[in-house]
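So you can see what is in the structure, the chains are spelled out below.
Number of protein chains: 2
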Amino acid sequence: MPSKVIQDYEEIGAKKRADRDSNLIKEWLIPESKLPKSKDVLKFPEESGYLSEKEIEVTTSSAPKIVNYIAEHKWTSYEVTSAFCHRSQIAQQLCNCLSEIFYKEALSRARELDTYYEQTGKLKGPLHGLPISLKDNINVKNHASTIGMVDFCFNPKGGMKQNSAIAAMLLDMGAVFYCKTNVPVAMMMPETTNHVYGTTTNPCNRLLSPGGSSGGAACQAALRGSCIEIGSDIGGSIRIPSSFTNIYGLRPTYGRYPTYGTRSGLPGLESVHSVNGPLCASLESLEFYMKTLANGDPSQYDPGVAYRPWQQIVLPSVCSFAVLMDDGHIKPTPPITRGLKMVTEALIKHGHKILDWNPAEHDKLQQLISDFFVADGGKHVLKVTEATGEPLYPYMSNYGTSSEISAGKLWDLQSKRSAVCKAFLDRWMSTAKTTGTGHPIDAIIAPVTPMAGSPLDKFGDYVGYTSVFNALDYSVGIIPVSRANKRLDPVDKSFKPRNASEKFIWDNYDPEETEGGSISVQIACRRGEEEKVVALMKMISGYLGK
Amino acid sequence: MPSKVIQDYEEIGAKKRADRDSNLIKEWLIPESKLPKSKDVLKFPEESGYLSEKEIEVTTSSAPKIVNYIAEHKWTSYEVTSAFCHRSQIAQQLCNCLSEIFYKEALSRARELDTYYEQTGKLKGPLHGLPISLKDNINVKNHASTIGMVDFCFNPKGGMKQNSAIAAMLLDMGAVFYCKTNVPVAMMMPETTNHVYGTTTNPCNRLLSPGGSSGGAACQAALRGSCIEIGSDIGGSIRIPSSFTNIYGLRPTYGRYPTYGTRSGLPGLESVHSVNGPLCASLESLEFYMKTLANGDPSQYDPGVAYRPWQQIVLPSVCSFAVLMDDGHIKPTPPITRGLKMVTEALIKHGHKILDWNPAEHDKLQQLISDFFVADGGKHVLKVTEATGEPLYPYMSNYGTSSEISAGKLWDLQSKRSAVCKAFLDRWMSTAKTTGTGHPIDAIIAPVTPMAGSPLDKFGDYVGYTSVFNALDYSVGIIPVSRANKRLDPVDKSFKPRNASEKFIWDNYDPEETEGGSISVQIACRRGEEEKVVALMKMISGYLGK
Numbered sequence: 001m002p003s004k005v006i007q008d009y010e011e012i013g014a015k016k017r018a019d020r021d022s023n024l025i026k027e028w029l030i031p032e033s034k035l036p037k038s039k040d041v042l043k044f045p046e047e048s049g050y051l052s053e054k055e056i057e058v059t060t061s062s063a064p065k066i067v068n069y070i071a072e073h074k075w076t077s078y079e080v081t082s083a084f085c086h087r088s089q090i091a092q093q094l095c096n097c098l099s100e101i102f103y104k105e106a107l108s109r110a111r112e113l114d115t116y117y118e119q120t121g122k123l124k125g126p127l128h129g130l131p132i133s134l135k136d137n138i139n140v141k142n143h144a145s146t147i148g149m150v151d152f153c154f155n156p157k158g159g160m161k162q163n164s165a166i167a168a169m170l171l172d173m174g175a176v177f178y179c180k181t182n183v184p185v186a187m188m189m190p191e192t193t194n195h196v197y198g199t200t201t202n203p204c205n206r207l208l209s210p211g212g213s214s215g216g217a218a219c220q221a222a223l224r225g226s227c228i229e230i231g232s233d234i235g236g237s238i239r240i241p242s243s244f245t246n247i248y249g250l251r252p253t254y255g256r257y258p259t260y261g262t263r264s265g266l267p268g269l270e271s272v273h274s275v276n277g278p279l280c281a282s283l284e285s286l287e288f289y290m291k292t293l294a295n296g297d298p299s300q301y302d303p304g305v306a307y308r309p310w311q312q313i314v315l316p317s318v319c320s321f322a323v324l325m326d327d328g329h330i331k332p333t334p335p336i337t338r339g340l341k342m343v344t345e346a347l348i349k350h351g352h353k354i355l356d357w358n359p360a361e362h363d364k365l366q367q368l369i370s371d372f373f374v375a376d377g378g379k380h381v382l383k384v385t386e387a388t389g390e391p392l393y394p395y396m397s398n399y400g401t402s403s404e405i406s407a408g409k410l411w412d413l414q415s416k417r418s419a420v421c422k423a424f425l426d427r428w429m430s431t432a433k434t435t436g437t438g439h440p441i442d443a444i445i446a447p448v449t450p451m452a453g454s455p456l457d458k459f460g461d462y463v464g465y466t467s468v469f470n471a472l473d474y475s476v477g478i479i480p481v482s483r484a485n486k487r488l489d490p491v492d493k494s495f496k497p498r499n500a501s502e503k504f505i506w507d508n509y510d511p512e513e514t515e516g517g518s519i520s521v522q523i524a525c526r527r528g529e530e531e532k533v534v535a536l537m538k539m540i541s542g543y544l545g546k
Numbered sequence: 001m002p003s004k005v006i007q008d009y010e011e012i013g014a015k016k017r018a019d020r021d022s023n024l025i026k027e028w029l030i031p032e033s034k035l036p037k038s039k040d041v042l043k044f045p046e047e048s049g050y051l052s053e054k055e056i057e058v059t060t061s062s063a064p065k066i067v068n069y070i071a072e073h074k075w076t077s078y079e080v081t082s083a084f085c086h087r088s089q090i091a092q093q094l095c096n097c098l099s100e101i102f103y104k105e106a107l108s109r110a111r112e113l114d115t116y117y118e119q120t121g122k123l124k125g126p127l128h129g130l131p132i133s134l135k136d137n138i139n140v141k142n143h144a145s146t147i148g149m150v151d152f153c154f155n156p157k158g159g160m161k162q163n164s165a166i167a168a169m170l171l172d173m174g175a176v177f178y179c180k181t182n183v184p185v186a187m188m189m190p191e192t193t194n195h196v197y198g199t200t201t202n203p204c205n206r207l208l209s210p211g212g213s214s215g216g217a218a219c220q221a222a223l224r225g226s227c228i229e230i231g232s233d234i235g236g237s238i239r240i241p242s243s244f245t246n247i248y249g250l251r252p253t254y255g256r257y258p259t260y261g262t263r264s265g266l267p268g269l270e271s272v273h274s275v276n277g278p279l280c281a282s283l284e285s286l287e288f289y290m291k292t293l294a295n296g297d298p299s300q301y302d303p304g305v306a307y308r309p310w311q312q313i314v315l316p317s318v319c320s321f322a323v324l325m326d327d328g329h330i331k332p333t334p335p336i337t338r339g340l341k342m343v344t345e346a347l348i349k350h351g352h353k354i355l356d357w358n359p360a361e362h363d364k365l366q367q368l369i370s371d372f373f374v375a376d377g378g379k380h381v382l383k384v385t386e387a388t389g390e391p392l393y394p395y396m397s398n399y400g401t402s403s404e405i406s407a408g409k410l411w412d413l414q415s416k417r418s419a420v421c422k423a424f425l426d427r428w429m430s431t432a433k434t435t436g437t438g439h440p441i442d443a444i445i446a447p448v449t450p451m452a453g454s455p456l457d458k459f460g461d462y463v464g465y466t467s468v469f470n471a472l473d474y475s476v477g478i479i480p481v482s483r484a485n486k487r488l489d490p491v492d493k494s495f496k497p498r499n500a501s502e503k504f505i506w507d508n509y510d511p512e513e514t515e516g517g518s519i520s521v522q523i524a525c526r527r528g529e530e531e532k533v534v535a536l537m538k539m540i541s542g543y544l545g546k
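Here the protein sequences line up with chains A and B, keeping their order. Going by the numbering used here, the first sequence opens with residue 1, and the numbers climb by one from there. Going by the numbering used here, the second sequence opens with residue 1, and the numbers climb by one from there.
Treat the hints with care, since some could be wrong.
When chains are identical, the list treats them as one kind, so a pair holds in a single copy or across two.
As the list claims (entries may be wrong) - Within a straight-line C-alpha distance of at most 30 Å, the following computed DSSO-like cross-link-like pairs (lysine-lysine) qualify:
| id | residue 1 | residue 2 |
| --- | --- | --- |
| 1 | Lys141 | Lys364 |
| 2 | Lys486 | Lys538 |
| 3 | Lys122 | Lys341 |
| 4 | Lys26 | Lys157 |
| 5 | Lys503 | Lys26 |
Hints were generated in silico from the structure; no laboratory data involved.
Make the full structure from the sequences, and use the hints.
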């Protein structure tokens with residue numbers, strides 16, 4: 001057999017990148033010289049004059065308004081799709097947030113949906129005509145799912161052969177796909193960069209990372225290049241980027257929303273499940289997505305789902321919350337602490353009860369989840385990276401250094417994880433004795449990361465604030481609280497770091513560099529409590545004047 | 001250190017057995033000479049004169065009637081508990097169905113509940129005063145969970161230290177525990193026998209096995225020594241015994257009913273989940289259990305559960321079913337085929353639609369689940385059996401001969417399982433094109449095993465009719481259809497077995513030996529469709545005149 005011609009990994013990546021760029025719409029391209037130099041580009045799409053008033057109106061509307069307007073013949077799917085494609089392309093030029101671009105295919109699909117509606121008077125489904133943006137790992141037939149890995153650029157040839165369960169369901173409901181969003185290598189790094197598409201930056205402050213792994217999704221949502229982004233989360237991958245870009249995000253519990261048939265960096269890992277969820281600039285859009293998908297019965301598409309329709313819930317008039325100010329490993333930097341205090345004060349002001357949350361099990365949970373990620377000794381990741389010789393980023397060095405464990409040892413780790421989750425649950429339930437409401441806490445309010453958006457390459461090595469809730473498989477929402485402000489968030493020179501990870505984060509905290517970075521918090525409820533999470537997100541965002 | 005004195009495993013088992021027997025109530029003991037010699041002993045408890053009329057009335061009442069009568073002060077928990085303890089002891093004398101016996105403790109708890117109700121006018125919960133029997137693996141504080149393994153007889157000393165999540169929940173709801181039921185070694189054999197308590201026999205025909213692993217539970221439920229038995233099912237362990245003893249059983253999907261903190265033969269295995277569910281002589285009792293537990297919010301007790309209250313559902317007036325007459329591996333013996341035809345005819349007569357089910361994925365699913373059981377190379381089982389030197393039964397020889405696989409290989413098997421489950425789901429959904437109802441099938445009707453109760457030691461090596469639904473994690477009910485009848489179910493001499501497993505089953509089919517054995521079917525719905533399973537069990541049982 002002839003020896004295989006090994007192409008340079010950079011060459012393959014460059015070709016894929018060029019393919020992507022060839023799908024940009026030429027008439028919409030902004031000349032380099034007209035692109036902004038500023039760090040904060042959130043207002044650029046609306047203030048630069050490149051979008052029409054109608055395009056701005058469409059792209060700043062919530063998803064339920066858009067589908068209603070289409071149903072009421074006020075807007076066509078074509079004009080809605082075109083507006084989002086246009087704004088999406090501007091987002092791409094500003095922050096490099098996209099992997100796959102297929103605006104023309106989207107416009108053609110939108111036209112078909114419009115025709116179908118005109119001719120039959122029927123809507124395809126509850127998402128008829130609505131553009132939805134997908135994270136790169138969500139397979140769309142005939143498009144690549146590179147997940148930031150060079151070997152997947154043209155493998156399989158001609159793109160993926162099947163739609164992911166969630167893509168199939170959304171299409172049946174009438175959605176329009178127009179792009180996929182950039183991710184870190186194998187979606188296993190907290191910053192969105194890879195050897196195919198390069199680095200996605202944070203539109204709040206382009207010196208910062210939007211985080212990862214749903215960094216492209218969060219970036220585009222913040223710039224309103226989309227009204228609904230679908231991301232995924234196995235260690236914080238929806239929550240970290242949502243928190244870094246000042247938008248809403250939600251990580252549901254596994255088994256309610258479809259996940260089957262996405263491309264994974266760690267395929268077959270089930271000790272902790274990756275889940276899909278929305279990232280949205282508008283909370284109304286997020287709620288609409290959560291409700292519409294749950295009610296659509298994803299169990300028809302995904303063998304791992306049990307159907308559980310969206311429930312109407314009424315919050316108690318007095319809720320109670322446990323607030324985590326510091327997990328003992330890395331104390332949040334000043335802007336995050338300020339955000340936690342703002343939320344706590346708003347809750348107290350509105351008559352709710354506040355306790356401290358003792359993170360007794362957090363260390364164990366985040367260690368277990370780290371062990372699960374490399375239970376195969378990194379083999380699944382290395383098989384793909386080694387196929388083209390692309391090097392591992394420092395963030396992923398453990399995939400090159402871990403040893404594979406046996407199935408029996410994995411069973412033991414899983415037993416241990418269940419026991420720690422039980423201890424956590426028991427402590428949660430035992431708060432009933434101290435909340436003063438007669439019930440256990442309604443949620444934990446916690447930092448997402450210690451930072452208000454991390455400077456590029458400076459995330460450090462800690463995702464413990466988010467990963468604990470993956471190990472628990474809890475339902476967790478992210479709400480924006482404020483923006484970092486160098487005047488309000490000065491360096492706390494009295495703080496003495498307790499370990500190297502904390503020192504790294506605190507040494508790198510520079511109020512000037514972080515200026516405008518996003519301040520957000522997690523609202524964590526128990527398994528399957530998506531309705532409650534959304535209700536609390538609305539309640540607290542309301543208190544914050546959002 | 002002094003060398004540990006190794007006791008003979010038989011000696012340890014004998015001591016544990018004697019401990020159990022010492023807890024029998026002397027006044028209730030039936031002299032050996034008065035015990036029946038017949039194969040079928042189902043009627044003995046009521047016809048032998050050992051039970052009072054009141055005891056018979058109580059023990060043949062459904063669970064909801066019992067809790068209502070206690071709430072209405074018609075019966076006390078004490079008299080209800082005493083009646084079930086008495087009948088339970090008769091069941092034990094007839095078929096050796098129990099592991100732990102603690103009637104006196106139960107009577108004392110019942111007395112406390114009665115006093116509490118008298119003094120406060122309040123019920124402890126929706127199960128106030130109701131005796132419930134537990135499978136041996138469900139930990140009850142201060143009682144052993146041997147799971148049929150000699151090393152667990154006195155380990156930990158003094159019994160288990162914590163209640164299983166389900167036991168804690170049932171106690172909080174007011175249930176009374178009075179015994180635990182016998183299981184096969186590690187609950188991983190299809191007949192209920194072990195070196196501690198010996199063999200449980202089938203009350204329909206004591207030459208037959210009640211199956212396993214919830215064989216003791218099924219046996220006692222059939223004799224109405226309980227109104228609700230809780231069993232567990234990882235490959236058929238609720239369904240096979242229910243089917244062999246002519247009672248109702250239900251295997252729910254994982255994640256709705258509590259399972260945490262039970263003793264497992266394969267601890268930490270999550271590629272397929274063991275689940276708990278009811279075995280009941282009365283369908284009303286079964287429905288009451290399913291509804292009451294779901295509504296009680298088990299997520300407060302079990303970290304693996306998401307709360308999903310019981311829904312009211314209305315079945316379509318015309319349902320459709322796919323019937324599996326033969327999975328291609330082992331064709332059911334004549335009584336089972338007759339049962340399947342009875343169900344099919346009843347459904348057609350009532351206007352429902354019937355298709356054939358093509359078991360295209362069954363081979364793969366049952367192979368995968370077999371691989372998962374020994375992914376650790378049998379290490380977890382062997383560690384326990386080797387501690388006392390108890391030998392492996394032939395049914396478990398693969399635990400001694402399998403090789404452990406790596407975590408990475410386990411990931412690959414899990415990926416494969418998900419893909420096969422997806423193919424199965426897609427075929428299920430695609431039946432919408434052929435049912436004639438406009439919807440996919442409502443359920444699959446299938447054999448439970450090829451046999452109407454297996455002669456002792458002759459189960460063979462195949463649990464593929466049940467284990468496919470464990471791999472799928474579907475919600476599956478068992479309903480009794482009829483009893484084996486040598487006149488109606490003669491040997492089919494024309495049948496040519498297609499493989500050694502099938503030859504073994506068919507060679508061992510002896511209508512004389514199987515006389516009176518139970519004929520039952522599975523009603524399999526998709527993930528989480530417990531409400532639908534129960535509704536279909538009621539509908540079809542009604543057609544069958546049950």
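Hints, one by one, checked against the model:
Taking the shortest alpha-carbon separations for lysine 141 and lysine 364, only the inter-copy value of 26 Å comes in at or below 30 Å, while the best intra-copy value is 40 Å. Within a single copy, lysine 486 and lysine 538 get their C-alpha atoms as close as 28 Å, which meets the 30 Å cut-off; across copies the closest is 68 Å, which misses it. Taking identical chains as interchangeable, the C-alpha atoms of lysine 122 and lysine 341 are never at most 30 Å apart, the minima being 50 Å within one chain and 43 Å between chains. For a Cα distance limit of 30 Å, the shortest separation of lysine 26 from lysine 157 inside one copy, 26 Å, qualifies, whereas the shortest one across copies, 77 Å, does not.
Taking CA atoms no more than 30 Å apart as the test, lysine 503 paired with lysine 26 passes in neither setting, with 47 Å inside one copy and 71 Å between copies.
In the structure shown, a violation is registered for the earlier hints numbered 3 and 5, in ascending order.
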